[in-house]
Amino acid sequence: MSNVVSDTREVGLVELLDRVLDHGVILVGDITISVAEVDLVYLGLRVMLSSVERADELRRSAVPLTAGKVTDV
Amino acid sequence: MGGDRAWYLYGVTRSDSLIHDLLERTRADVRDAGEALQALICGDLAAIVRPVSSEEFGPELLEKHLQDVAWLEAVVRAHNDVIAVFHRGRAILPAKFGSVYRSQEDLRAALTEAHDALVRQLDRLTECDEWAIHLYVDRDVVEQRVGEMYPELQRLREDVETARPGRAYLLQRQLDAELASATDAMLSDVALAAFERLQRHAVAGETTSPVRADDPDAEILRAAFLVRRHHLPAFLSEADSITDAGTGVRCEYSGPWPPYSFAAPGDEVP
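Sequence order for the protein chains is A and B.
The numbers in our numbering rise by one with no breaks, and the one at position 42 of the first sequence is 61.
The numbers in our numbering rise by one with no breaks, and the one at position 137 of the second sequence is 204.
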């Protein structure tokens, strides 16, 4: 995944949410969205998306992992 | 557009003669969100905003929206796309996602209050990008290396092989526990060392997520660094040199990002 992204449109959703959702400047004022609400959503989403991402990683590495275990036995 | 008009804030940048050219370019580059973009000028600052319906971002609809991954992805991508166009040309402080103001007057008041601190933060972030770093280890490789490194673990392993079954079982459990704790210690050393190596080429760095242990291919460090553009080659070559199949360590990165993690005036940027 080591990527220099000249266009961040190519980046995966988890990485994007990690950058965008729980950071940034908060200016006090009459904000309609409760920022705390977004943070809660972010935490929940991240757990969900991380497990999706994790499943993808496992799927990608499934073959070598199994092979490794077989040779160990 | 239902409901009253509200103002979605993307970020804050310096107000100058180029701001309207940049707005034009962003309108052309970013579909949907782009066309309605406006700059709200306040002193030396320009807030990049677009009108939205207060209903769309109001409490009831928003709660539904936020659970809709497709909606969220579209809005988050548009948020990043707009900020990224500005970021390529100048420093911008990305706003916290979801900052929607009821009126321009509210936003202007907020900008006025924080004006000087925001200008200083923009100066600090000039010519800097954020880079995201992920450090992964193959725990099996690290564990094997740890096992060979400590003579007492090697002795324990020899004892396991020569002991009688009952005692061998107990010794094996002791070996497993000691190996696991020595491996954990090694992993936290590896993460810390990598962070410090990268930090040397960065203006600032912060870890963004806790360590995920007990995983055969564990992510042991997730971090963000603020890197000056002319230090980038050194930073990336450091990142590449951390990856080492022999030690089971792999360093991945993405960027350049707008400085999301370093935007707030409270964020420590020397």
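For the record, the hints were derived by calculation from the structure and aren't laboratory data.
Each residue gets a CB set at the ideal place from its N, CA and C atoms; glycine is no exception.
Some clues are possibly wrong.
Said to hold, decoys possible - Under 7 Å between C-beta atoms, here's a sample of chain B residues computed to sit facing chain A:
hint	residue
1	ASN147
2	LEU160
3	ALA181
4	TYR217
5	PRO218
6	ALA252
To be verified - Just some of the chain B residues that point at chain A, by a computed CB distance under 10 Å:
hint	residue
7	LEU139
8	ALA176
9	GLN241
10	ASP243
11	ALA244
12	LEU246
13	ALA247
14	ALA258
15	LEU259
16	GLU263
17	GLN266
18	ALA291
19	ALA331
Each hint tested on the structure:
1. Taking 7 Å as the C-beta cut-off, the interface hint given for ASN147(B) holds, the closest approach to chain A being about 6 Å.
2. Satisfaction of the interface hint for LEU160(B) is found here, the shortest Cβ-Cβ separation to chain A being roughly 5 Å, below the 7 Å cut-off.
3. For the restraint placing ALA181(B) at the interface with chain A, the shortest Cβ-Cβ distance is roughly 6 Å, inside the 7 Å limit, so the hint holds.
4. The interface hint given for TYR217(B) is violated, since its Cβ lies 22 Å from the closest Cβ of chain A, which is over the 7 Å cut-off.
5. Interface restraint check: PRO218(B) against chain A, minimum CB-CB distance 25 Å, threshold 7 Å, status violated.
6. About 24 Å separates the beta-carbon of ALA252(B) from the nearest beta-carbon of chain A, more than 7 Å, and the hint is not met.
7. The criterion of a C-beta within 10 Å of any C-beta in chain A is met by LEU139(B), whose closest approach is roughly 7 Å, and the hint holds.
8. Interface restraint check: ALA176(B) against chain A, minimum CB-CB distance 6 Å, threshold 10 Å, status holds.
9. The beta carbon of GLN241(B) is not positioned within 10 Å of any beta carbon in chain A (closest approach about 21 Å), and the interface hint is therefore violated.
10. Taking 10 Å as the C-beta cut-off, the interface hint given for ASP243(B) is violated, the closest approach to chain A being about 15 Å.
11. Because the beta carbon of ALA244(B) sits about 20 Å from the nearest beta carbon in chain A, more than 10 Å, this interface hint is broken.
12. For LEU246(B), the interface hint is violated, since its Cβ never comes within 10 Å of a Cβ in chain A; the closest pair sits about 16 Å apart.
13. Look at ALA247(B): its Cβ only gets to about 17 Å from chain A, farther than 10 Å, so that hint breaks.
14. Given the 10 Å rule on beta carbons, the hint for ALA258(B) is violated: about 17 Å separates it from the nearest Cβ of chain A.
15. This hint is violated: LEU259(B) has a C-beta 21 Å from the nearest C-beta of chain A, more than the 10 Å allowed.
16. Taken as an interface hint, GLU263(B) does not check out: its beta carbon lies about 20 Å from the nearest beta carbon of chain A, beyond 10 Å.
17. Given hint, GLN266(B) at the interface with chain A, is violated; its Cβ is 19 Å from that chain's nearest Cβ, farther than 10 Å.
18. The beta carbon of ALA291(B) is positioned within 10 Å of a beta carbon in chain A (closest approach about 8 Å), and the interface hint is therefore held.
19. Interface hint at ALA331(B): satisfied, since its Cβ lies 5 Å from the closest Cβ of chain A, which is below the 10 Å cut-off.
Violated hints for the displayed structure, listed by number in ascending order: 4, 5, 6, 9, 10, 11, 12, 13, 14, 15, 16 and 17.
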